[in-house]
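Peer 1: This is what each chain is made of:
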Amino acid sequence: MDISNYLYLSVILFTIGALGVLIRRNAIVIFMCIELMLNASNLALVTFSRINGNLDGQVASFFTMVVAACEVVVGLAIIVTIYRSRRSASVDDASLLKN
Amino acid sequence: MRTSSHLVYLIALPLFSAALLLLLGRIADKWGHLLATLISATTFGIGVAEFFSMHSQSGANRAVTQKIFEWISVGNLKVDASLLLDQLSVCFVLLITGVGTLIHIYSIAYMDHDKDRRRFFAYLNLFIAAMLLLVLGDSYLNLYVGWEGVGLASYLLIGFWNQNPAYAVAAKKAFIANRVGDVGLSLAIMISFAQFGTVSFAGVQAGAPHASPVALSAIGAMLLLAAAGKSAQFPLQSWLGDAMAGPTPVSALIHAATMVTAGVYLITRSNFIFDASSTARILVVTVGVITLLFGAIVGTAKDDIKKALAASTMSQIGYMILATGLGPVGYAFAIMHLLTHGFFKAGMFLGAGSVMHGMEDEVNMRKYGGLAKLMPITAVTFGLGYLAILGVPPFAGFYSKDKIIETAFNQGGGKGILLGGAALIGAGITAFYMTRVVVLTFSGARRWKEGAHPHESSILMWAPMVVLAIGSVASGFLLSFGSSLVNWLQPVVNASNSVGGKELMNPWVVSLLALAVVVLGAGYAITKYRTVEAVAPEKVSIFTKAARKDLFQDDVNDALLVKPGKALTLGLVATDNYVIDGAVRLVGWVLSEISDVLRKIQNGYVRTYALIMLAGVFIGALIIWVVTV
Amino acid sequence: MNLLTITILLPLVGTAALAVAPRGNTQIIKIIALVSSLITLVSSLLMLTKYKFGVTGFQLVSSHTWFKVFNINYAVGIDGLALVLILLTTVLVPIVVVGGWNEAEGGRWSVKTFYMLILVLEMFMVAVFAATDVFLFYVIFEVMLIPVYFLIGGYGRGDRAAAALKFLLYSLFGGLLMLAAVIGIFVISIKQGPGSFDVTTLSHLKISHNTQDWLFLGFFIAFAIKAPLFPFHTWLPGAARSATPGTSILVLGVLDKVGTYGMIRFCLTLFPEATKTFAPYIIALSLASIIYGAFLAIGQKDLNSLIAFTSISHFGFIVLGIFALTSQGITGASLYMVNHGFSTAALFLVGGWMIQRRKSTQVEDFGGLQRITPVMAWCFFIAGLSALALPGLSSFVSEFLVLIGTFTRYPAAAVIGTLGIVMAALYVLILVQRSLHGSLQAGNEDTPDLNWREKVAIAPVIVALVLLGFYPKPAIHLINPATSQVMVAAQSSDPTPLAGR
Amino acid sequence: MLTTPALNYNLLAPILIVLGGALLGVLVEGFIGKAYRARIQIVIALASIAAALGWVISIHNVTSQSAAVDSVSIDGGGLFMQGAILALAFVALLFFTQNDHFAPQASALPGSVEEAEAIRAGVQMTEIYPLVLFAVSGMLLFPVAHDLITLFVALEVLSIPLYIITGLARRRRLLSQEAALKYFLLGAYSSAFFLFGGAFLYGFSGSLSLGVIRTAAATPGSNHIFLFLGVLFMSVGLLFKVGAVPFHSWTPDVYQGAPTPVTGFMAACTKVAAFGAMFRIFIVGFGAIQTDWRPLFVGVAIVTMAGGAIAAIVQRDVKRTLAYSSITHAGFLLAGVIALSKAGLTSMMFYLVAYGFATIGAFGIVTLVRDSTGEVNDLNRWAGLGKKSPGIATAFALFLMSFGGIPLTAGFIAKFSIFTAAYASGNIAIVVVGVLSSAIALFFYLRVVLIMFFKEPTDETVTVAVPSFLVSTGIVICFAITLVLGVYPNLLFNLANTMTTLVP
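Chains as they are written, first to last, in my numbering: chain H, 221 to 319; chain P, 39 to 667; chain D, 483 to 983; chain F, 13 to 516.
Chain H extracted, bound-state conformation (with noise of 0.2 Å):
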């Protein structure tokens, strides 16, 4: 198989993502639209290293993870505390600020 199927799978992940924080309402899902992008990132990151032929590409990708880890913990949190003020996971609830 062609490596770059894997790179044409990993820009559909990342768009895919990104247009779902632009679709979706749920902060949560939202949230995990972001971590599709994390992950179709961490896909090019592997990919490329296959490519590339060293690891540099792989290491990175475990750096991703556990930083991203690390925001699921803050992004929950934050998430949470709102929905226990709100009683509301909407990310459209939450426009006070504008203008």
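Read the hints as simulated data drawn from the structure, not as lab findings. Values in this document were obtained by computation on a predicted structure and should not be read as measured data. Ideal placement from N, C-alpha and C gives every residue a C-beta, glycine not left out. Careful, some of the hints might be misleading.
[Claimed, not checked] When the alpha-carbon atoms are kept at most 35 Å apart in a straight line, the in silico DSBU-like pairs for lysine-lysine are as follows:
#	chain 1	residue 1	chain 2	residue 2
1	P	K411	P	K587
2	H	K318	D	K648
3	D	K648	F	K467
4	F	K399	D	K648
5	P	K587	P	K601
6	P	K604	P	K587
[What the hints assert, rightly or not] Partial pick of chain F residues on the chain P-facing surface, computed with a CB cut under 7 Å:
#	residue
7	K194
8	P258
9	P307
10	L308
11	I322
12	A323
13	V326
For chain H, the structure is supplied; the task is to place chains P, D and F on it using the hints.
Peer 2: Here is chains P, D and F on its own, set in the frame of chain H:
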């Protein structure tokens, strides 16, 4: 050229006296008028002394100069504050200081009850100083200073009683009409400088032969405009009638004898320009003829004695201007008429002032009548002036005015007949309206207001009148005897002794013709005004109505200048607010509208923000794609 | 220390003295301000005695490194033009202090702050004319607006805050355009050698036509706003309506001169070719200013905005003279700056006193003052006469020089310019007629005439107007070398007389 | 025998000190009683930042070198940025200390019983301080990072704590939480782009190191589509952090919602870190393909300058106004990146310091204007501040003037020098748009001055809190630096000028 160190005093003394009287204020009330008169007499003394010292020299050696200080020096423009007293200016110096002194004396009595008499005398001295500067300046620029200076003095004196709104308006009108003329003078100066690199009389004279005809005509036309403003010539004549708002001595000195003749001086002084440009000469004679008829016609219908005399002044100056346009021969006659006019017109104005003084400041001639008996000295002096202006031999006007008519005829051809004929008709009309004035005022029934007690004025007032009357009688003969004035002015104006080389009409014929029209005019007036109503009749011919309204001069100015000017002003005020500042506000408005749009885009939704980011990514990709491919 | 620097710093010393003065005692504060401004005046007169007449180039120069990386120096020096403008400043400030003795009272802040702002402004005004480093000039050009902003906004009347903001925004906008141009010329100087902001060095740069045009416009628009020239003038009437008389005098009398000064010092000197390119258009604008300002002056009902519009007309003359590019034009314009300073000062001073007495700024509320207050009326009248450039008063010499200098190069422009002479008579005499002549308006009966303090304030102004009218030689001699230097830098020479060729 | 890569601890020490301080702070949270926590945390935070700053100063003229294999470059430029971040953070922290800006109990619901109890107990969340220290350590790492992993990690280390502290405001908690959510979601979104871009750069060059990427970019003929995608996506992440249009939308909301002292800290320090990193990435990594990305950046700079200035016109909230102002400034700072020259770097460094202190000072003053319910951010209620508290109003006016670039303030010198650099590099359009935007921006700066000084006080309930010693110190420092750098810029500019070396 000879130099003198005294000339400056001619100007400095009255100037300082004026400043002193104004600065000291009420402290000087007691003696201010005496100081002013003394100073004026002193300048006359200096003038006489200079005249005799000049007279003792010969021909070309007579002119005297004095450099006072370097005034302006920038690039090749070098103008010194220098004075030039030559044969031409000395005539003026004597006229100004002489008549000026007489009028100072007259005013001591005339202005006796006015609590601002000191201020009046300060203005008079200011005028003397400015007028002397006008005639003594050795360059157009120095002349210009005096030129505007007399305008200021005239403004101040016309508006002397400026608490009266009408008088204040009259003063303003005079100044502004003069300013229009001043523009002409300043443009003439600019053209001269651009052409010759100098603005001194001598420099321009030396350069004139090298200049293009167009330039010379332009200078001439601009000088004429200046003269028209100052001398109340068509089309800038409208201010003079209103200027009679000033105290009568002022009318005599400034608006009859001296300032208004400055235009004649200017043209005569610039003879080298007009000699070189026939176009300019044609303009000059046209203006002269129009004005002399205009003034005469207006004079026939005026019931206000001062306005009648003012119209006459305008007309007489028209004669002088006409003369200056007749080529080298005319200058001397213009000056001669100017001098004789200075005597008789000043005398008549003082007479009018004397009458008003006796009639509680009544100016309407229809309310006079039969005053000769009660004011004999006034009547006699006025009558002598009257004879002089009519040109009855051997009174002064005969020598000067007839010469002008004669010279006009001698232009030859249609032009000669046109100019001469107009001048002749003018003489007839002059006779009519002056007779009217005399008849209405001094003879006939008494049409006085109740409570009027006409009486002869005090000696301080009649003495100057007598002196001027003597001048009205004798000056013409003295100036023309042996062509004395013509010869005297010869070095300055290149006037030839005879009336041109081509004497087309015998002088006697002209004189007889002139006398005939005068008799006609005077006779008609006498018959017409045997009986006069105290109130001006309403039902009069359209011509009379037109003349009463100064031939619609103010209406024309109103329609052509004032109304459009006011409309333009209002329009521009609105433009400034709505267009110019509006554009600025528009920029502000547009920016704040954009800002508002941006504010609305910032709608608080995360998804929108992400969308904006993603759009940014796409546009960025597009830019990079465009750049790199 | 260099005398020029001392003169610049003296007002700052005064400010410091004011800062420690007791806030409550306004008399002491005013006296400190007066004394400080008088000392500055003496110092500037000392400069005059040290100045070598007839020598071209800057004198009393002094230069210290300020901002090393950009080779920016505190570089000051004066030529004749700068000197006369500095003298104008140092003469006017004490007059403003004496003439407006009580105008700070009733302001938003204390009297003390008012005089501190005035003195700081004086320092900047002296420094701006002394600066020979373009950057230094720019900095002062901008920063001097701040005290004016607070003077108008804090002590003015009417809609003062809006007027102050409009003034500041307009000026800063122009300043920013100029900043772009300053940067541009500096970058060019880097490319042609060691970068420099020295005006003399910069004038020797070779700049391409196109670049010159843009840089020129950057400078010019800033100066045109400051001057102000039609159509960049709309900030002025509002500012004049709102400012106190003293502030108006300093703004119109001195501050705005920085604009026209800048045109001579920078536009002409640094961009000779662009100057020639744009001169016809600028002359058209200046003519528009002359006529437009005059018409609007006639149409004004408010005394202060009337005076403001007369100034717009006069600035038109100044700009006309500058861009005629003849020695008469430039000298005339330079002299005009000084004369206009005095004549505006006289108008605003007396106008301010009239307004203060009548409690109204509307011309129609005055009337018949000539009889009641002859001295005040005379002073106003003389000020008016100088505004209409009556010969014998100083403005005449300069206006005439401008026009004659313009005529030799642009005859048509000069002819149109002479319309301004008539218009000036109109707006001045209409004003005089309405406010001083005629019957007495109700409410004016008990108007007091000028008191001693006011007479002392106005006397030097009138003396200057008369003296410079009859004997302008010293000023012209100061300015002439500067003019000839500018003419050389602008690569221009006077047209030769036509008839002699 | 395993060999470990050589780490130059001397050069890494500033980062490690701050990280250490942060860890210590975490321990304090665990082991020290509530009564003493706040004070101890403040001392730890200030001390560790001061120590790090001291260390940076002591090593400020070491020769440029790689400190951790190829991952961290300690060079003039990096050290200057670190010093600036530390100095700004120190001053910003001073404003954390007065008043109660932070939620008593972040987990408690707004308006709940728990919250009321916590308020009664007079507690405040002191976790703020270690979080700030973590953020600072990320900021310190960001501008010296020399490979893509380090960059990404540093970016996240600086961002994540900021997401949290944004949501910790004591009052208007809903707004604060919303700001945190927005910041977090959009921040993560942009990080994803950044990472994705990094992946492509790695794919293009076969290495994560900026140096290698540069070499690869300079050789023609390779697969440049990866390179340009990489550049574009990384730019998104960086431009987001500096708040450039169109990646700016979070800025006004987050600036408004975050506790005010945090806003000041964030606005000043994040900008330094992000611009430091951006300059390094673009000159070290992408310097060779300048002509390809410059148009993009010119476009961004132009819309950022103009957009920020215009959008601010109708704002009525002081914090939002300052947010838009910060957007405009981001545009001006981009001019330095676009110039991509030594002069550009120098002026950018100066600009960051000048802007940073003015910003911290300005937000610091915002914390002082209060009524009984907390801060008053409505500008109209600031009317008459000049009368109530002339000193504070004057200081605020000075900061605004510095933002506006009025001469004799640091902001003017900054603007002048950065425009000069842009002009010298041939980007005249930037300069022209820059000055026009400055003119627009001046309108709203001056309007604030006008409101403070020329409007009569209308609202008597608005008062200016008396600043504590630390806060006064902070304001005075900001004020002095803004003024002194304006009058005598040599002090900092000469230093910046000598510290422009960057490890290739």
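Peer 1: For each hint, tell me whether it holds in the structure or not.
Peer 2: We went through each hint and held it up to the structure:
| no. | hint | verdict |
| --- | --- | --- |
| 1 | P:K411 / P:K587 | holds, 33 Å |
| 2 | H:K318 / D:K648 | holds, 30 Å |
| 3 | D:K648 / F:K467 | holds, 16 Å |
| 4 | F:K399 / D:K648 | holds, 22 Å |
| 5 | P:K587 / P:K601 | holds, 18 Å |
| 6 | P:K604 / P:K587 | holds, 23 Å |
| 7 | K194 | holds, 5 Å |
| 8 | P258 | holds, 4 Å |
| 9 | P307 | holds, 5 Å |
| 10 | L308 | holds, 5 Å |
| 11 | I322 | holds, 5 Å |
| 12 | A323 | holds, 4 Å |
| 13 | V326 | holds, 4 Å |
Checked against the numbered hints given earlier, this structure breaks none of them.
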